[in-house]
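Visitor: Given next are the chains, with one letter for each unit.
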Amino acid sequence: MTVGLRVNPIACAGHGMCAELLPEVIELDRWGYPILASATIPRALAEHARRAAQACPTLALLVEETTGKHR
Amino acid sequence: MTAIQMGTAIVPAATATMAVRSPRAPQRTRLPRLLAGAGGPCELREHERRYGPLPGRAGGRRPERLIDVAEAAGLTGRGGAGFPAGRKMRSVAAGPGRKVVLANGAEGEPGSRKDWLLLTKVPHLVLDGITLAAQAVGADEAYLCVHGNEHVLLDRLGDAVEERRVAGLDPVPVQLAGLPGRYVASEQSSIVHYLNEGPAKPTFSPPRPHERGVHGKPTLVHNVETLAHLALIARYGDRWFRGAGLPSAPGSMLTTVSGAVRRPGVYEIEMGTPIGQVVMGAGGTAEPLQALLVGGYFGAWLPAEQAWQVPMTHMTLKAAGGALGAGIVIALPAMSCPIAETARVVRYLAEESAGQCGPCVLGLPALADALGHLAYSGGRDGAVDDVAALIPLIEGRGACRHPDGATQLVRSLFRAFPADAHRHQLFGACEGVRRPPLLPLPGDEERDWDWG
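Top line first, the protein sequences correspond to chains A and B.
In this text, residue positions in the first sequence follow our numbering: the first is 241, and each later residue adds one.
In this text, residue positions in the second sequence follow our numbering: the first is -18, and each later residue adds one.
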């Protein structure tokens, strides 16, 4: 089981909350839009990731639990 | 843009000196195929006399058999990505309920004219392909999309659809749709969005159109050239199709050749024809060349001497750092400035952003500015680095591949012309920036600024 992290770039408006709540994985580019260090995150960060996703004003951060199989 | 002439076929001389062939190998067939009927009238009666009636109506118990034949033929999509056409049909056919077939004839690439030529000269071949595909995947809706500002084309297609209605040819009537003339409006999720009453802008995926597309149904999106090939494969079979091209890239394809060639136009070639032969088939060079832009504005610059022997296939062009795309070849003269040419195109692509994703909305204009500085101002340290630093901030960060197309073009610019880039950085603009623009771009008065 891995935890996947994605940004819906259409929904994202560059509020930057995610980078504050999940600095281990997310940094902001020069315009304030998130850059993910990786498309999957360690389980230890899953709870933080979910909190970041809930805090996103446009719900653009997607946390997806997958069963390890490549889809 | 140079007026596009009606093309003919470029038949590679190599086919005349083929090595000893296995008796089971298909007969080499002669080109043109798609454009065989392009010289004469395009009415239904002429079409049926040339190609025979629409197959599969009498013995239509297993219309999905066409999917097997398309797979055996090795037909790939001719819209740009080159995905296996049969496999795409199979995945749509396997979806739940009734399906939708969507023929994409909205040619967004300024350097391409092949879809327009096909729809103008052999519309019934495309319409045959739509009907055959609709039967094969089990569709109850079918659309043919072109740009809405192509009024003459839409009228003619309307006449062709009416001819077929009277003749009772299409169990699923083909509906014509006029899309906004924006560059990304012909991206497949944009078309689906538009037919679902939205703006013609890309959507976030999944779901992809083959899973959930028009009206929520699994939707097969094929380029019109792909469908025209399908209409011929349904008549003559997979072995016939493989009688042209390479075993790994079978069949023929349409290519639009422009720039510094003597006879710019649309040509039908065998897949795998070397690029140099395509240029020679278009009348040869009009002046000494330095490079070729292959694959359109999502493609890549290749230095002329490197490109000359490269076969026109997805695999070989990808290996050369380029892309086959929709088969566009533009010849850049030695006297032109590739940096200024690319800067103009990137500016155009920035203006054609759907305005949805931050890195595209903000990144592409920044990229166009930085390239413009390098092309016209230059003469300062860091001008190349300014461009290069933007690429990773843009690439892979949009909902569609529009931003990636622009960065791929810029990457290929630096790969093909490293010396030019550094000369601009050190000494400023070269002589070439004064030459009139070569890469085709629509004028402001031809541009469509609306999305809906």
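Just so you know, the hints here were simulated from the structure itself, not pulled from any lab data.
These figures come from a predicted structure and were not determined experimentally.
Be careful, since some hints might not be right.
Claimed, not checked - Cβ-to-Cβ under 8 Å is the rule here; a few derived chain B residues that face chain A:
#	residue
1	W97
2	V142
3	Y217
4	Q337
5	P340
6	P346
7	R378
8	A380
Unchecked claim - Covered stretches of chain A, going by a simulated chain B footprint (3 or more residues, C-beta under 8 Å):
#	stretch
9	245 to 251
10	258 to 266
11	269 to 281
Quick reminder that beta carbons are idealized off the backbone N, C-alpha and C, glycines included.
Visitor: Decide, hint by hint, whether the structure agrees.
Guide: Verification of the supplied hints:
no.	hint	verdict
1	W97	30 Å, violated
2	V142	34 Å, violated
3	Y217	38 Å, violated
4	Q337	5 Å, holds
5	P340	6 Å, holds
6	P346	11 Å, violated
7	R378	6 Å, holds
8	A380	5 Å, holds
9	245 to 251	holds (count 4)
10	258 to 266	violated (count 0)
11	269 to 281	holds (count 6)
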